[in-house]
Amino acid sequence: MTFRQSHLALPVAVAIMAGCIAPLAVLVAFSFYEVEDFDLIPAFSFRAWGDLATSTTDWFLIGKAVLSGVATTVFTALLGFPVALALTRLATSAKGLAIIVLLTPLYTGEIVRIYAWRIVLGGEGLVNTLLLGLGLIDEPLKFLLFSPFTIGLVLTYNNLPFMVLAIWVSAEMVDRRLIEAARDLGARPVDAFFRVIFPLTTPGLAAGSLTVFALSAGEMLTPSLLGGTSGATAMALVDNLFGTAFDWPLASALALALLATLFLVASAMAGLLLRLKGARAVIGRA
Amino acid sequence: MNSRMEKRTEPALSPLLLAMRGVVKTFGRSTAVDGIDLDVPERAFLTLLGPSGCGKTTVLRMIAGFETPDAGDMRLDNTPLAGVPPERRPVNTVFQSYALFPHLTVNENVAFALKLRGGVPDIPARVRRALEAVHMTDFGDRYPHQLSGGQQQRVAVARSIIAEPRLLLLDEPLSALDRKMRGHLQIELKALQRRLGIAFVYVTHDQEEAFALSDIVVVMNKGRIAQKADPQTIYSRPADSFVADFIGNSTLVEGRILERRGDMATIGTPLGDITAPVADGLAGGEAAMLVIRPELLSTRGEGPATFSGIVNNCVFQGERNMVQAEVAGIPLRFAAEAPHAAGTSVALWLDADHSFITRIAT
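Line by line, the protein sequences are chains D and P. Number 1515 in my numbering belongs to position 271 of the first sequence; there are no gaps in the numbering. Number 33 in my numbering belongs to position 31 of the second sequence; there are no gaps in the numbering.
Check each hint, because a few of them may be wrong.
EDC-like, lysine to aspartate or glutamate: derived pairs with alpha carbons at most 20 Å apart [unchecked claim]:
no., chain 1, residue 1, chain 2, residue 2
1, P, Lys182, P, Asp143
2, D, Lys1521, P, Asp208
3, P, Lys117, D, Asp1435
4, D, Lys1521, P, Asp143
If you are wondering where the hints come from, they were derived from the structure by calculation, not from laboratory data. Bear in mind the structure is a predicted one, so any value in this text is a computation, not a measurement.
Build the full structure now, drawing on both the sequences and the hints.
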């Protein structure tokens, strides 16, 4: 067997098989187990899958995970594109600094950030105090903290760097002359963006979208600590089922259903974005 | 045709298409264009010729609207260009790197300018005509990466002429092609320019290309125009030693003008005193440069030989040999049919009446 470049991926492929596929297989097995007196009994039971199929709560939470992932992806893409394009226009030395600054929030750690948000968004927090002081509002805005708004805001904030980085790398690859050619041929800056820059940065958008979707759809900590009553997630339910509720079969079935759903949505997203003409032109030459 | 530009402020009286006056452009501390005046008449094929860094591409980019002059005035059809963005100038560019859109087919690339305008009737027919003009009709459905360099260049030309610009700018469009393809495309570009009647402003560092194509050659040096004239004049009467050095294989011999009589002068040089046509404005006593082009030296002639020298180099160039011989410490280049061995002595006759005495470039 001769050595090919694709063989370089073998170690990682093996690691994924061992670290991901094997545990999944264990989950599949568990999902058919029975629970009796806090004991897992190997059996071929469809009890867990039956419970899952008839549970509206479970499917609502899976749908919520998808929605949360898609919404975060869309928000980060809308906010990230201008930032990524602005980055490409910076001088080389400024770019390095800008990237470091962009990633600064990630160094602080999730718990620290979550409590910082509470301080900023709370009833007596920074934003409310400021707005009250300016006389723009008469009483504190309640929706700022422990609401779906908070979850959306924080998930978007947390994931924005990943989207910006992915689009930025892609945008750097777009030849500046193509933009000049478009302008020369009569394109206003906005036309040049939609007809040239955007199509040619779709690979970066796809990479960023898949990353952000995966990170935000499965997020548990932010919703449960900042979302208040709206903070229930499928992930938290899985955690609960494996832990206090001790229903490993149902936990396994729910985890598998969630995984399969997110996998399908992500595949659809990737297929859609990478089928675009611009993406094919950039990555589809082989 | 002028729909893309603001309305004319007054009718154009002269056939002058583009006028640049005192245009300056600096990048940081370096001055790329240092106060140039340039006129481009209608239908002209004008070439900006010069070494890299002379400012020729910056001039082109200012005409296209990609760079803003720091000072000076630019008018197209007598309308000021200041503040007019590239997309509103009736000017199109053929880029050195072709800059074809990789995600669009040849047809879509060529149709780009028309589709942007909206409401243009019969785009497919116009695309076909533009591709016909560059002999690329069979390639409409291909993507740029499926084309050779020469084919990509043809598509780039088709794309830039479809909107019928008043002025076409070409930035070293043939520099990435091999010699043979370059020759073909030179002939085609010249024919296309005549047929369309569009003025071309062409940037190149290749003097042969400039001479082959142009009605007017503008030689640039350090951000300034060194000479602007027809190719024959540039070749036979270079305005200064920079132009003489840049455009040919000439030998430049520094000397001092001993005496001037009308259009002729006698210059004292290490090679001896030589009487030749002289540039305007040079007077007796001034330092000047004698320009001896290779074809003015011959190994045969009447009367006594002008120089005798020792051959120190001979390069076979196909149809001829380029020989270098040293005379009084100065290497003289000349063309010869027969090869000359290094170290042999050679007698040379100079056709002084066709050589030229020019000023020394600052």
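Looking back at the numbered hints, which does the structure fail to meet, lowest number first?
1, 2
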